[in-house]
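Single-letter residue listing:
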Amino acid sequence: MAAVNSPARSVLRPPTPWHQQPLARSLLYHGLVATAALIMLYPILWLVGSSFKPPDEIWTNQTAILPIEPYPQNYPNGWAGFGGISFATFYRNSLFYATLGTLLSVSASTVVAYGFARVRFHGRRLWFAIMLLTLMLPTQVQIIPQYIVFKQLGWLNTFYPLLLPRIGGSAFFIFMIIQFIRSIPVDLDEAAMIDGASKVGIFLRVILPQLTPAIITAAIFSFYWTWDEFLVPLIYLNSPELYLVSLALRTFSDPSGQTDWGAIFAMSALSLLPVFVIFISFQRYLVEGISTTGLKG
Amino acid sequence: MAVASLPRAKRRKRSSFGQDNLVGYLFIGPWLVAFFLFTFIPIAVSLALSFTDYNVLSNSGEFIGLDNFQRMFFEDRRYARSVNATLKYVVFAVPLRLVFALGVAMLLNTWRRGVGVYRAAFYAPSIVGGSIAVAVMWREIFGNDGLVNFTLNLLGIEGPNWLGRPETAIWTLIILAAWQFGSPMLIFLAGLKNIPKHLYESAEIDGANAFQRFLRITLPMLTPIIFFNLIMQLISGFMVFTQAFIVTQGRPLDTTLFYALYVYRRAFELNEMGYASAMAWVMLMVIALLTALVFRSSSYWVHYESDEGPT
Numbered sequence: 001m002a003a004v005n006s007p008a009r010s011v012l013r014p015p016t017p018w019h020q021q022p023l024a025r026s027l028l029y030h031g032l033v034a035t036a037a038l039i040m041l042y043p044i045l046w047l048v049g050s051s052f053k054p055p056d057e058i059w060t061n062q063t064a065i066l067p068i069e070p071y072p073q074n075y076p077n078g079w080a081g082f083g084g085i086s087f088a089t090f091y092r093n094s095l096f097y098a099t100l101g102t103l104l105s106v107s108a109s110t111v112v113a114y115g116f117a118r119v120r121f122h123g124r125r126l127w128f129a130i131m132l133l134t135l136m137l138p139t140q141v142q143i144i145p146q147y148i149v150f151k152q153l154g155w156l157n158t159f160y161p162l163l164l165p166r167i168g169g170s171a172f173f174i175f176m177i178i179q180f181i182r183s184i185p186v187d188l189d190e191a192a193m194i195d196g197a198s199k200v201g202i203f204l205r206v207i208l209p210q211l212t213p214a215i216i217t218a219a220i221f222s223f224y225w226t227w228d229e230f231l232v233p234l235i236y237l238n239s240p241e242l243y244l245v246s247l248a249l250r251t252f253s254d255p256s257g258q259t260d261w262g263a264i265f266a267m268s269a270l271s272l273l274p275v276f277v278i279f280i281s282f283q284r285y286l287v288e289g290i291s292t293t294g295l296k297g
Numbered sequence: 298m299a300v301a302s303l304p305r306a307k308r309r310k311r312s313s314f315g316q317d318n319l320v321g322y323l324f325i326g327p328w329l330v331a332f333f334l335f336t337f338i339p340i341a342v343s344l345a346l347s348f349t350d351y352n353v354l355s356n357s358g359e360f361i362g363l364d365n366f367q368r369m370f371f372e373d374r375r376y377a378r379s380v381n382a383t384l385k386y387v388v389f390a391v392p393l394r395l396v397f398a399l400g401v402a403m404l405l406n407t408w409r410r411g412v413g414v415y416r417a418a419f420y421a422p423s424i425v426g427g428s429i430a431v432a433v434m435w436r437e438i439f440g441n442d443g444l445v446n447f448t449l450n451l452l453g454i455e456g457p458n459w460l461g462r463p464e465t466a467i468w469t470l471i472i473l474a475a476w477q478f479g480s481p482m483l484i485f486l487a488g489l490k491n492i493p494k495h496l497y498e499s500a501e502i503d504g505a506n507a508f509q510r511f512l513r514i515t516l517p518m519l520t521p522i523i524f525f526n527l528i529m530q531l532i533s534g535f536m537v538f539t540q541a542f543i544v545t546q547g548r549p550l551d552t553t554l555f556y557a558l559y560v561y562r563r564a565f566e567l568n569e570m571g572y573a574s575a576m577a578w579v580m581l582m583v584i585a586l587l588t589a590l591v592f593r594s595s596s597y598w599v600h601y602e603s604d605e606g607p608t
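Here the protein sequences line up with chains X and Y, keeping their order. Note that the working numbering has the first sequence beginning at 1, numbered continuously upward. Note that the working numbering has the second sequence beginning at 298, numbered continuously upward.
A hint or two may mislead.
Okay, the calculated bits of chain X under chain Y, using three or more residues with CB under 8 Å as the criterion [as the list claims (entries may be wrong)]: (1) 22 to 31; (2) 35 to 42; (3) 109 to 122; (4) 138 to 148; (5) 163 to 170; (6) 272 to 280.
Partial pick of chain Y residues on the chain X-facing surface, computed with a CB cut under 7 Å [as the list claims (entries may be wrong)]: (7) N318; (8) P327; (9) F419; (10) V425; (11) S428; (12) G534; (13) F538; (14) V560; (15) A564; (16) N568; (17) M580.
Calculated from the structure, these hints are not laboratory results. Remember, predicted model here, so these are calculated numbers, not experimental data. Every residue gets a Cβ at the ideal spot worked out from N, C-alpha and C, and that includes glycine.
Here chain Y stands alone, though its shape is the one from the complex (with noise of 0.2 Å):
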């Protein structure tokens, strides 16, 4: 084609690319008002809403400044514990997911026969991970009679209450969401088909044994990959709640009282929708901070190739 052969400048140009506002904005239109309808008014609201007493039952909504902060971080004993509860399951949940998706990626990278399958029973917990269905099973399994203590008993061990201890009930969470791998382990899998293959035919050449392999060629060029996986796991793990929901139900002691749980019993349960917007809005806070500082960190430790960096 003649027009591909011209300088991209002049290409530009006379391309379809002028400005065109009013087909733009008609055609961003929708989500436009979406996002001031459902979204931008909500979260100036919820802000404002954080600084009153706002009940809907007594429809009171005084404002009273700073004090649902107050009762937040001084007072608030169960919030102490449910801040606690988040962070030990994100602590622990996302590595090990990650973990699994990378190194299950990395068997199923090849071209034998039957990847495709053992590809589809990998990722078939996370399609429906989410589900009540799932949720409801797992506190059948973790039961007291429930399959993993019914094994342990034919091998001769007496298992605990996993649900019912303190120590124990985070972590049935906790592996329900490191059996969730799916998602993380396709976006690596696709990242490792996008290695170059002479990297490590010339690293096989130069004696590079497979964990050196891996450490200098595989973990730099995914670090785009790892990055994002991160991100987005993170912040997947900050609002996790149908499984605490439905599984612990919060119990015991508070141990899995997640925090997006316990907004939801402040707002809808006890009406307390002040306090709620305003561990709302903290939450909103944090994960922003987080998110950006795992931005900033991501200069020192992520790998763009010169040619086709961040865009």
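Excised from the complex, chain X in its bound form (with noise of 0.2 Å):
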């Protein structure tokens, strides 16, 4: 490349625009999208640095994301939670149902996706189309004749109304591992067959172990829905004791019952940071996971 740099060579051609240099480039490609990724994480990053403002900055020192004066008390006084119940409560509760559906939808999930992926049966187009439209279902038209029999059934107020329904995996999870499954081989299902392994063996011996990224990719989305969820447990769960934390954030931030907007703040960032947690240790399976599974075939 001797010859772009000698000097007869820029003597004939025009000077590069500034705008076109690689260095400038570089650096205008990195100012505009660092940029505009602040501003995207503006709200969250002031919303942690928030959570430690004492009482007076919050309304003084409003657009800064770092408090002048450190106040962790804020957490503590979140943490008391309300009605004599701490958040401790809340999280417990949450962890609970978090893990407990997540390993019930998944597991189910995988199961039902290997049957869809690698087993052939009468129907089986029939019942793969009818659950891609369960994907469409709003909730609404489900949840209130599932409502009205846990409520005979005296179920109000336990968890049964909430896992139950996952005994059979979810569409979403189920739709993402049978895309992934596709994308495994045939030929190591048929080398397992002909050292006569079953179905079965096959499932748990050749595609499960290949299948981990799927179902850490699925673990994780459930995770942190099931984490999230909200109308749900609203419906079912009335007694403050089995909250989750979305309910009980709900009830503590109340505006007609409580200005503590410190603790408020504290209680809201402290619910996000398992998810925070799980995305920055799982970020690389997840965009995989998206832009694998989500899409292809």
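Fit chain to chain and form the complex, with the hints in mind.
Below, the structure written as structure tokens:
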């Protein structure tokens, strides 16, 4: 590339405009994208920052992210909760529900996905189409009759109405895992078949070990959708000892009752922590999961 | 492998894919059971309820024919307002979200250093977006003396009462939705990476500028993904609930009384489950109709490569 840099060339060619030079372009790009990213993140950073502001700063030093005088006392204040129940209870409930719910959803989805992806049976196409259709169903058409039945069974204020519907997996995860299984070469199944493996054996020994990325992706999504779930818990869990973090935050931040904004911010920020920890530790799986199983095929 | 070189038809026959009804139904069994118990039967019951005046408290449930629908379409003013609010929300929030998603995805479709960090930053609002924490925060940000008005005040502008005025309240929710474009963005990004480089190279040789390349290559190649994202976002747009429930509670003057919120109010606050079921069924029909329309329209604008059509 000596010719390009030689003085003779630069005389012959007009100089490259500044915005087309690699360094300038790179600076321009990073400047623009980083600013946009900061604007996107600002509300979240602001929430976390505000949770460390003392009561007077919340209204006077409002735009700043960092507090002038950090005030961690907001956290114990908020943790105390309301009505004599602390956030320890709400976190225990949420962890219990999100963990068990995720376990149920993901394990059922994996089994069902294998059935759809690798076993041929009468009606497979029909059931598959119906399953995809359920993705579009508004919860509202199912939830009213479900509520009536669960109420008759005396299951209000229990976790059964929230957990039981998960025994069949979730259409979204089933679909995602099916897409993933389809990308695994059938040759492997066939080799195992020749070695005398049954369908169940193929599932357990050939397919399942390769599904780790898809299962992790589904588990992450399931965990934080369950963690954030609101409508269904709102309907079934009415006594504060059973509240999930989401329900507790709603009551805790009720403008008519609570005015300690520092404590509200503190508990809000804290409720996002598990989601962020998972997001940061599994980001690679997430992006790959969405990109490879979300659309292909 | 010898097997791989056999003709496809022959391979099929000796492959592991013989009919296996028992095993198949055992594997999909859990889904099938849950589908009937928690989806199919409830939907059927919901349809039946929509012709009754069932109320959980009074336990009446008499057949009243089409009265619920008559009331919904001709008498209930709040219902009309709720439909209006929902339509307005969907019409603005869904396109905004998709435009942001595509724009940012194109910016991030590069191999520069640091792109991974940016991607995470743009996606972050979406992973927390559905949470109560963010809704509570949003209510504060747009509150009368919240962050937005405080900032405007510093600039010498007196901000309106965002959540209290009928013209502005719904916009706080539309902005909240537009802020969470992470999932469609990731899907667009994957789609952009799949567009063969040689298309751009030959277009460049032919003298196409950046805008022409976007219009003639990027957009057509992305149509299947735009289609997918559009359907997903439309459906979730019609079902929006939590944000309105926390941030505006349907106020003011029902301008943010989204459909799902109104169904919830009727069913679980006023116990009118018959009427609420009728409303839910109308919602189901509208979503089905709309999705069918988008699907029908797809043959006019969605471009599939001939060798890998829809499967």
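Taking the hints in turn, this is what the structure says about them:
With 3 residues carrying a beta carbon less than 8 Å from a beta carbon of chain Y, the region 22 to 31 of chain X meets the three-residue requirement, and the given coverage holds. Restraint check on the region 35 to 42 of chain X versus chain Y: 5 residues with Cβ-Cβ distances below 8 Å, three needed, restraint holds. For the region 109 to 122 of chain X, the stated coverage by chain Y holds: 10 residues have a C-beta nearer than 8 Å to a C-beta of that chain, and at least 3 were required. With a cut-off of 8 Å between beta carbons, the region 138 to 148 of chain X has 11 residues touching chain Y; three or more are needed, and the interface restraint holds.
With 6 residues bearing a CB less than 8 Å from a CB of chain Y, the region 163 to 170 of chain X meets the requirement of three and the coverage assertion stands. Requiring three or more residues with a Cβ within less than 8 Å of a Cβ of chain Y, the coverage given for the region 272 to 280 of chain X holds, as 5 such residues are present. At a threshold of 7 Å, the smallest CB-CB gap from N318 (chain Y) to chain X is about 4 Å, leaving the interface hint in force. Look at P327 (chain Y): its Cβ gets to within about 5 Å of chain X, closer than 7 Å, so that hint holds up.
Given the 7 Å rule on beta carbons, the hint for F419 (chain Y) holds: about 6 Å separates it from the nearest Cβ of chain X. A hinted interface residue such as V425 (chain Y) counts as satisfied when its beta carbon comes closer than 7 Å to some beta carbon of chain X; here the least separation is about 5 Å, so the hint holds. For S428 (chain Y), the shortest C-beta to C-beta distance to chain X is roughly 5 Å, which falls under 7 Å, so the interface hint holds. Because the smallest distance between the Cβ of G534 (chain Y) and any Cβ of chain X comes to about 12 Å, over 7 Å, the interface hint for this residue is violated.
A least Cβ separation of about 6 Å between F538 (chain Y) and chain X falls short of the 7 Å threshold, and the interface hint therefore holds. Contact between V560 (chain Y) and chain X, as hinted, is supported at the beta carbon level, the nearest pair being about 5 Å apart and thus within 7 Å. Residue-level restraint check for A564 (chain Y) holds (minimum Cβ-Cβ distance to chain X is 5 Å; threshold 7 Å). For N568 (chain Y), the interface hint is violated, the least distance from its beta-carbon to any beta-carbon of chain X being 11 Å, above 7 Å.
Satisfaction of the interface hint for M580 (chain Y) is found here, the shortest Cβ-Cβ separation to chain X being roughly 5 Å, below the 7 Å cut-off.
Hints 12, 16, counting from the list given before, are not met by this structure.
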